[in-house]
Every structure is written in structure tokens, then in C-alpha cells.
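Going letter by letter, the sequence shown gives residues 32 to 191 in this note's numbering.
Treat the hints as calculated values from the structure; they're not laboratory data.
Misleading hints may appear alongside valid ones.
The following label-pair restraints were derived from C-beta to C-beta distances [stated by the list, open to error]:
| no. | residue 1 | residue 2 | range |
| --- | --- | --- | --- |
| 1 | E77 | Q150 | 15 to 25 Å |
| 2 | S173 | E108 | 15 to 25 Å |
| 3 | R188 | A125 | 30 to 40 Å |
| 4 | G190 | Q145 | 25 to 35 Å |
Model, not experiment: these values are computed from the prediction.
Even for Gly, the Cβ is constructed at its ideal location relative to N, Cα and C.
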Amino acid sequence: MSVKGVLLAGVAVIALALVLRQGVTNRPAPDFTLPDTFGREVTLSEHRGNPVLLIFWTTWCGVCRHQMPVVDEIRSEYRSQGLQVLGVNLEDTAQARDYLVANRLYLRSAVDAQGTIAQQYGVSGLPTMVLLDGDGKVRGVSAGYRDAGQLRSALRRVGL
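Whenever a hint applies, use it, and build me the whole structure from the sequences.
Structure follows, in C-alpha cells:
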């Protein structure tokens, strides 16, 4: 395949991914129940009535390591306004817990070691953030690093 063909194929894949992501917004978020990093169950629907920011992450993902402190800062800043932040780690419980503790990150994180929930949300890259409104509808999906300003801008779309 020529360089031009490879580039066109790459653009087509990116365009398809964007279309698929857009199709996810404004739909009810799939509910789930997973163990958190301390073995307690967390159910997404228990946060109904509040906006929720989900972040799918791993400890080996370099971009995730930069994103997690920013997300934890946003969690702290918007907590009094009702924002719920929930990590969804794709590894094992001990790895996720040890990473959060060692890095003094206070956001709660569920563990989806089999990747079942990540698959339901169409996660294809890490980190992926999914913003839900208080009615449990997906209002935004973003893969890759987002700075605090970009996250604040997204939160304004759900009334924060």
C-alpha cells in the first residue's frame, strides 16, 4: 500500500472513531457494579442526580499518570457542587490501590480487570473520560490528556 493509501486509511479510522464517539453522547450510560480498590462495591447508578466524571485508566499508561492528578484536582474543586469522580482501572485491585495511595490520589476507583465495562463504553484508548449528567446520560467522551481548563469547560456543559 502506498503512503497516500496508508494516510487515507488512517484518516478514515479516525473519522469513524469520532463518529462512533458522537453516537455515544446523549444516551443513557450503561450501569455497572464493580469492586473498588478497597473491595467495596460501587454502582454507577448510586450517583444518579449528580454529574459523574468517569476516567478509564491503568498504572502503566504514561498519559494516565499525568491525567490522574488533574482529575483528582477537579474532583476536589467540584466536590461541593455535587460532582462525582470515579476511576475505572483496567488492572488488578492491588496495583490500582497501591498506585492511588503512593501518589496521594483521593478519587475512588473501581476495578474492571476483565475490561467488560470499558468495552461497554467503547474505550479504545487510555485515558478515556466520560462525562455524565445528573440523569445518567453521556454528555461527553474524550480520549487522551485534558488539562484542568478543558475539564472545567466540559463540566460547564452539565451545569457546574
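How the hints compare with the structure:
1. E77 with Q150: 15 to 25 Å: holds (22 Å)
2. S173 with E108: 15 to 25 Å: Since S173 and E108 have Cβ atoms about 18 Å apart, the given range 15 to 25 Å holds.
3. R188 with A125: 30 to 40 Å: About 36 Å separates the Cβ atoms of R188 and A125, which means 30 to 40 Å holds.
4. G190 with Q145: 25 to 35 Å: With Cβ atoms ~34 Å apart, the hint holds.
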